[in-house]
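Participant: Sequence:
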Amino acid sequence: MFISINHLTKDFPRKPRALDDVTCDLPHGMVGLIGPNGAGKTTLMRILAGIIRPTSGQVLMDGHDLKDARTRRALKRTLGYLPQDIEPYPQLTPLEFLDYVGVLKGIDDTRERMRQAHELIDRVGLTDVADRRIGGFSGGMRRRVGIAQALMGDPRLIIVDEPTAGLDPEERMRFRTLLASLGGDRTVILSTHILDDIAQTCPYVFVLRQGRIRYDGPTEHLTGHAAGHVWLTQPSNTPPPDGMIVANAVTTARGVRYRVITDNPPADAHPMDPTLEDGYMALIEEHPDQH
13 MFISINHLTK DFPRKPRALD DVTCDLPHGM VGLIGPNGAG KTTLMRILAG IIRPTSGQVL
73 MDGHDLKDAR TRRALKRTLG YLPQDIEPYP QLTPLEFLDY VGVLKGIDDT RERMRQAHEL
133 IDRVGLTDVA DRRIGGFSGG MRRRVGIAQA LMGDPRLIIV DEPTAGLDPE ERMRFRTLLA
193 SLGGDRTVIL STHILDDIAQ TCPYVFVLRQ GRIRYDGPTE HLTGHAAGHV WLTQPSNTPP
253 PDGMIVANAV TTARGVRYRV ITDNPPADAH PMDPTLEDGY MALIEEHPDQ H
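Note that this note's numbering has the sequence shown beginning at 13, numbered continuously upward.
Hints may contain errors.
When the alpha-carbon atoms are kept at most 25 angstroms apart in a straight line, the in silico DSS-like pairs for lysine-lysine are as follows [to be verified]:
no.	residue 1	residue 2
1	K88	K27
2	K88	K117
3	K117	K79
These are calculated hints, taken from the structure and not from any lab test. The structure presented is a predicted model; accordingly, all values stated were derived computationally and were not measured.
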(Lines of atoms letter the chains of each structure in order from A and count residues from 1; the text may use other names and numbers.)
(Lines give C-alpha, C1' and ligand atoms only; values in the text may rest on other atoms or scores of the structure.)
Protein backbone atom coordinates (compact mmCIF):
# COMPACT_ATOMS: atom_id res chain seq x y z
CA MET A 1 0.00 0.00 0.00
CA PHE A 2 1.37 3.43 -0.99
CA ILE A 3 0.55 6.20 1.50
CA SER A 4 1.04 9.87 0.70
CA ILE A 5 0.57 12.53 3.41
CA ASN A 6 0.16 16.13 2.27
CA HIS A 7 0.27 19.20 4.57
CA LEU A 8 -1.41 17.35 7.44
CA THR A 9 -2.38 19.45 10.46
CA LYS A 10 -4.27 18.48 13.59
CA ASP A 11 -5.46 20.81 16.34
CA PHE A 12 -7.16 19.92 19.62
CA PRO A 13 -9.02 22.48 21.76
CA ARG A 14 -6.82 24.33 24.26
CA LYS A 15 -3.72 22.27 23.41
CA PRO A 16 -0.59 22.92 21.36
CA ARG A 17 -0.86 21.91 17.70
CA ALA A 18 -0.47 18.11 17.54
CA LEU A 19 0.60 17.91 13.88
CA ASP A 20 1.99 20.87 11.97
CA ASP A 21 2.10 20.71 8.16
CA VAL A 22 3.30 17.09 7.93
CA THR A 23 4.15 16.06 4.36
CA CYS A 24 5.78 12.74 3.46
CA ASP A 25 5.42 9.49 1.55
CA LEU A 26 5.49 6.26 3.54
CA PRO A 27 7.51 3.58 1.75
CA HIS A 28 6.48 -0.04 1.42
CA GLY A 29 7.78 -2.37 4.11
CA MET A 30 8.80 -1.70 7.72
CA VAL A 31 8.70 1.96 8.72
CA GLY A 32 9.75 3.26 12.14
CA LEU A 33 8.16 6.30 13.78
CA ILE A 34 10.05 7.79 16.73
CA GLY A 35 10.04 10.97 18.74
CA PRO A 36 9.66 12.26 22.30
CA ASN A 37 6.40 12.13 24.23
CA GLY A 38 3.91 14.61 22.83
CA ALA A 39 5.59 14.69 19.41
CA GLY A 40 2.37 13.74 17.57
CA LYS A 41 3.12 10.07 16.84
CA THR A 42 -0.10 8.62 18.23
CA THR A 43 -2.16 11.38 16.62
CA LEU A 44 -0.62 10.62 13.23
CA MET A 45 -1.26 6.90 13.61
CA ARG A 46 -4.88 7.48 14.68
CA ILE A 47 -5.41 9.59 11.57
CA LEU A 48 -3.85 6.92 9.34
CA ALA A 49 -6.09 4.32 10.99
CA GLY A 50 -9.18 6.41 10.20
CA ILE A 51 -10.06 6.89 13.87
CA ILE A 52 -9.80 10.68 13.89
CA ARG A 53 -9.75 13.22 11.07
CA PRO A 54 -7.15 15.91 10.46
CA THR A 55 -7.93 19.58 10.85
CA SER A 56 -6.52 20.14 7.38
CA GLY A 57 -4.42 18.33 4.82
CA GLN A 58 -4.80 15.07 2.97
CA VAL A 59 -3.96 11.39 3.30
CA LEU A 60 -3.98 9.30 0.11
CA MET A 61 -3.92 5.51 0.30
CA ASP A 62 -3.19 3.97 -3.08
CA GLY A 63 -4.46 7.25 -4.53
CA HIS A 64 -7.74 7.26 -2.57
CA ASP A 65 -8.48 10.15 -0.21
CA LEU A 66 -9.01 9.02 3.39
CA LYS A 67 -11.64 11.77 3.78
CA ASP A 68 -13.90 9.71 1.51
CA ALA A 69 -16.28 7.45 3.45
CA ARG A 70 -15.79 4.59 0.98
CA THR A 71 -12.03 4.74 1.46
CA ARG A 72 -12.43 4.59 5.25
CA ARG A 73 -14.78 1.60 4.98
CA ALA A 74 -12.33 -0.20 2.70
CA LEU A 75 -9.49 0.62 5.10
CA LYS A 76 -11.19 -1.25 7.94
CA ARG A 77 -10.91 -4.47 5.96
CA THR A 78 -7.22 -4.02 5.13
CA LEU A 79 -5.96 -2.44 8.38
CA GLY A 80 -4.37 -4.06 11.39
CA TYR A 81 -4.15 -1.60 14.31
CA LEU A 82 -2.61 -2.12 17.72
CA PRO A 83 -3.05 0.97 19.93
CA GLN A 84 -0.85 1.49 22.96
CA ASP A 85 -3.71 1.05 25.43
CA ILE A 86 -5.66 -1.88 23.94
CA GLU A 87 -7.72 -3.87 26.46
CA PRO A 88 -9.19 -7.08 24.97
CA TYR A 89 -12.59 -8.04 26.42
CA PRO A 90 -11.73 -9.85 29.68
CA GLN A 91 -14.73 -12.19 29.57
CA LEU A 92 -13.65 -13.68 26.22
CA THR A 93 -10.97 -16.22 25.43
CA PRO A 94 -8.30 -15.37 22.84
CA LEU A 95 -10.09 -17.55 20.28
CA GLU A 96 -13.42 -15.85 20.94
CA PHE A 97 -11.87 -12.39 20.80
CA LEU A 98 -10.08 -13.03 17.51
CA ASP A 99 -13.27 -14.52 16.06
CA TYR A 100 -15.09 -11.32 17.06
CA VAL A 101 -12.38 -9.16 15.46
CA GLY A 102 -12.62 -11.26 12.31
CA VAL A 103 -16.35 -10.54 12.07
CA LEU A 104 -15.65 -6.80 12.40
CA LYS A 105 -13.12 -7.07 9.57
CA GLY A 106 -15.64 -8.70 7.28
CA ILE A 107 -14.37 -12.30 7.35
CA ASP A 108 -17.74 -13.99 6.86
CA ASP A 109 -16.58 -17.61 6.71
CA THR A 110 -16.52 -19.03 10.26
CA ARG A 111 -14.01 -21.74 9.42
CA GLU A 112 -11.64 -19.18 7.87
CA ARG A 113 -11.92 -16.94 10.95
CA MET A 114 -11.08 -19.83 13.25
CA ARG A 115 -8.23 -20.98 11.01
CA GLN A 116 -6.66 -17.53 11.19
CA ALA A 117 -7.33 -17.25 14.92
CA HIS A 118 -5.63 -20.57 15.69
CA GLU A 119 -2.66 -19.72 13.45
CA LEU A 120 -2.14 -16.30 15.02
CA ILE A 121 -2.52 -17.58 18.57
CA ASP A 122 0.22 -20.08 17.80
CA ARG A 123 2.45 -17.36 16.27
CA VAL A 124 2.23 -15.19 19.41
CA GLY A 125 2.79 -18.16 21.72
CA LEU A 126 -0.63 -18.43 23.38
CA THR A 127 -1.74 -21.88 22.20
CA ASP A 128 -1.75 -23.32 25.73
CA VAL A 129 -4.16 -20.63 26.98
CA ALA A 130 -6.30 -20.21 23.87
CA ASP A 131 -9.45 -21.29 25.76
CA ARG A 132 -8.83 -19.33 28.96
CA ARG A 133 -10.49 -15.99 29.68
CA ILE A 134 -8.34 -12.98 28.89
CA GLY A 135 -9.27 -11.36 32.22
CA GLY A 136 -6.84 -13.68 34.01
CA PHE A 137 -3.90 -12.88 31.71
CA SER A 138 -0.80 -10.91 32.60
CA GLY A 139 -0.14 -7.59 30.88
CA GLY A 140 2.35 -9.19 28.50
CA MET A 141 -0.11 -11.94 27.54
CA ARG A 142 -2.87 -9.39 26.87
CA ARG A 143 -0.39 -7.51 24.70
CA ARG A 144 0.19 -10.65 22.67
CA VAL A 145 -3.58 -11.02 22.18
CA GLY A 146 -3.58 -7.43 20.92
CA ILE A 147 -0.80 -8.24 18.46
CA ALA A 148 -2.75 -11.23 17.18
CA GLN A 149 -5.94 -9.22 16.66
CA ALA A 150 -4.02 -6.63 14.63
CA LEU A 151 -2.98 -9.40 12.21
CA MET A 152 -6.46 -10.86 11.69
CA GLY A 153 -7.61 -10.61 8.08
CA ASP A 154 -4.08 -10.56 6.61
CA PRO A 155 -4.01 -6.71 6.56
CA ARG A 156 -2.07 -4.76 3.92
CA LEU A 157 -1.44 -1.91 6.38
CA ILE A 158 -0.38 -2.63 9.96
CA ILE A 159 -0.01 0.18 12.52
CA VAL A 160 1.43 -0.72 15.91
CA ASP A 161 1.95 1.69 18.82
CA GLU A 162 4.47 0.56 21.47
CA PRO A 163 3.86 -3.12 20.60
CA THR A 164 6.57 -4.54 22.87
CA ALA A 165 5.60 -2.57 25.97
CA GLY A 166 5.18 -5.04 28.82
CA LEU A 167 6.87 -7.91 26.96
CA ASP A 168 9.88 -9.74 28.35
CA PRO A 169 13.07 -9.96 26.22
CA GLU A 170 12.12 -13.35 24.74
CA GLU A 171 8.65 -12.07 23.80
CA ARG A 172 10.15 -8.93 22.28
CA MET A 173 12.48 -11.00 20.12
CA ARG A 174 9.59 -13.22 18.99
CA PHE A 175 7.50 -10.20 18.05
CA ARG A 176 10.36 -8.50 16.21
CA THR A 177 10.83 -11.65 14.15
CA LEU A 178 7.10 -11.76 13.44
CA LEU A 179 7.02 -8.14 12.31
CA ALA A 180 10.06 -8.60 10.10
CA SER A 181 8.35 -11.53 8.37
CA LEU A 182 5.31 -9.36 7.64
CA GLY A 183 7.07 -6.30 6.25
CA GLY A 184 8.07 -7.87 2.96
CA ASP A 185 4.71 -7.59 1.21
CA ARG A 186 2.84 -4.87 3.11
CA THR A 187 3.32 -1.58 4.95
CA VAL A 188 4.03 -1.82 8.69
CA ILE A 189 4.29 1.37 10.76
CA LEU A 190 6.00 0.79 14.09
CA SER A 191 6.11 3.42 16.83
CA THR A 192 8.14 2.68 19.94
CA HIS A 193 10.46 4.23 22.51
CA ILE A 194 12.64 1.10 22.31
CA LEU A 195 14.96 2.24 19.54
CA ASP A 196 16.65 -1.14 19.33
CA ASP A 197 13.34 -2.53 18.02
CA ILE A 198 13.46 0.08 15.24
CA ALA A 199 17.12 -0.59 14.48
CA GLN A 200 16.49 -4.34 14.23
CA THR A 201 13.36 -4.24 12.05
CA CYS A 202 12.92 -0.95 10.18
CA PRO A 203 15.12 0.08 7.23
CA TYR A 204 13.30 3.43 7.06
CA VAL A 205 12.47 5.83 9.87
CA PHE A 206 10.66 9.10 10.56
CA VAL A 207 11.42 11.37 13.51
CA LEU A 208 8.60 13.58 14.77
CA ARG A 209 9.15 16.45 17.19
CA GLN A 210 6.55 19.05 18.19
CA GLY A 211 4.26 17.88 15.42
CA ARG A 212 6.82 18.26 12.62
CA ILE A 213 8.99 15.78 10.76
CA ARG A 214 12.64 16.34 11.70
CA TYR A 215 14.06 13.37 9.79
CA ASP A 216 12.74 11.18 6.99
CA GLY A 217 15.09 8.59 5.52
CA PRO A 218 17.05 5.35 5.91
CA THR A 219 17.59 4.22 9.49
CA GLU A 220 21.30 3.71 8.91
CA HIS A 221 21.67 7.34 7.81
CA LEU A 222 20.11 8.53 11.07
CA THR A 223 22.55 6.33 12.98
CA GLY A 224 25.37 7.85 10.93
CA HIS A 225 24.23 11.30 12.04
CA ALA A 226 26.37 10.77 15.17
CA ALA A 227 29.34 9.14 13.42
CA GLY A 228 32.63 10.55 14.70
CA HIS A 229 30.90 12.26 17.63
CA VAL A 230 30.38 9.39 20.11
CA TRP A 231 32.97 8.90 22.87
CA LEU A 232 33.45 6.86 26.02
CA THR A 233 35.13 8.77 28.83
CA GLN A 234 37.56 7.42 31.39
CA PRO A 235 36.08 6.76 34.88
CA SER A 236 35.62 10.03 36.71
CA ASN A 237 33.80 11.52 39.67
CA THR A 238 33.17 14.71 37.71
CA PRO A 239 30.22 14.89 35.29
CA PRO A 240 30.87 15.98 31.68
CA PRO A 241 30.78 19.73 31.02
CA ASP A 242 27.74 21.47 29.61
CA GLY A 243 27.38 21.06 25.89
CA MET A 244 28.03 17.32 25.84
CA ILE A 245 25.06 15.00 25.32
CA VAL A 246 25.22 12.18 27.86
CA ALA A 247 23.85 9.07 26.16
CA ASN A 248 24.68 6.65 28.96
CA ALA A 249 26.50 6.44 32.28
CA VAL A 250 27.95 3.34 33.97
CA THR A 251 29.25 3.38 37.55
CA THR A 252 32.54 1.53 38.10
CA ALA A 253 34.83 1.11 41.11
CA ARG A 254 36.96 4.00 39.80
CA GLY A 255 34.12 6.37 39.03
CA VAL A 256 31.50 6.91 36.32
CA ARG A 257 32.16 6.23 32.63
CA TYR A 258 30.06 8.42 30.37
CA ARG A 259 29.06 7.74 26.79
CA VAL A 260 28.89 11.24 25.32
CA ILE A 261 28.03 12.83 22.00
CA THR A 262 30.22 15.84 21.36
CA ASP A 263 32.54 17.60 18.92
CA ASN A 264 35.02 18.28 21.72
CA PRO A 265 35.71 15.06 23.63
CA PRO A 266 38.10 14.77 26.58
CA ALA A 267 41.63 14.01 25.45
CA ASP A 268 41.58 10.52 26.98
CA ALA A 269 38.12 9.50 25.66
CA HIS A 270 37.75 6.53 23.31
CA PRO A 271 35.77 6.80 20.04
CA MET A 272 32.71 4.56 19.78
CA ASP A 273 30.58 3.31 16.90
CA PRO A 274 27.24 5.16 16.91
CA THR A 275 23.91 3.49 17.59
CA LEU A 276 20.49 4.58 16.36
CA GLU A 277 19.88 6.12 19.79
CA ASP A 278 23.07 8.19 19.42
CA GLY A 279 21.96 9.46 16.01
CA TYR A 280 18.49 10.24 17.31
CA MET A 281 19.82 12.15 20.32
CA ALA A 282 22.21 14.14 18.14
CA LEU A 283 19.35 15.05 15.78
CA ILE A 284 17.03 16.08 18.61
CA GLU A 285 19.78 18.28 20.07
CA GLU A 286 19.91 20.12 16.74
CA HIS A 287 16.18 20.83 16.99
CA PRO A 288 15.57 22.01 20.58
CA ASP A 289 12.09 22.75 21.84
CA GLN A 290 10.59 25.90 20.44
CA HIS A 291 7.94 27.72 22.43
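Participant: If you check each hint against the structure, which ones fail?
Facilitator: Hint 1 contradicted; others consistent.
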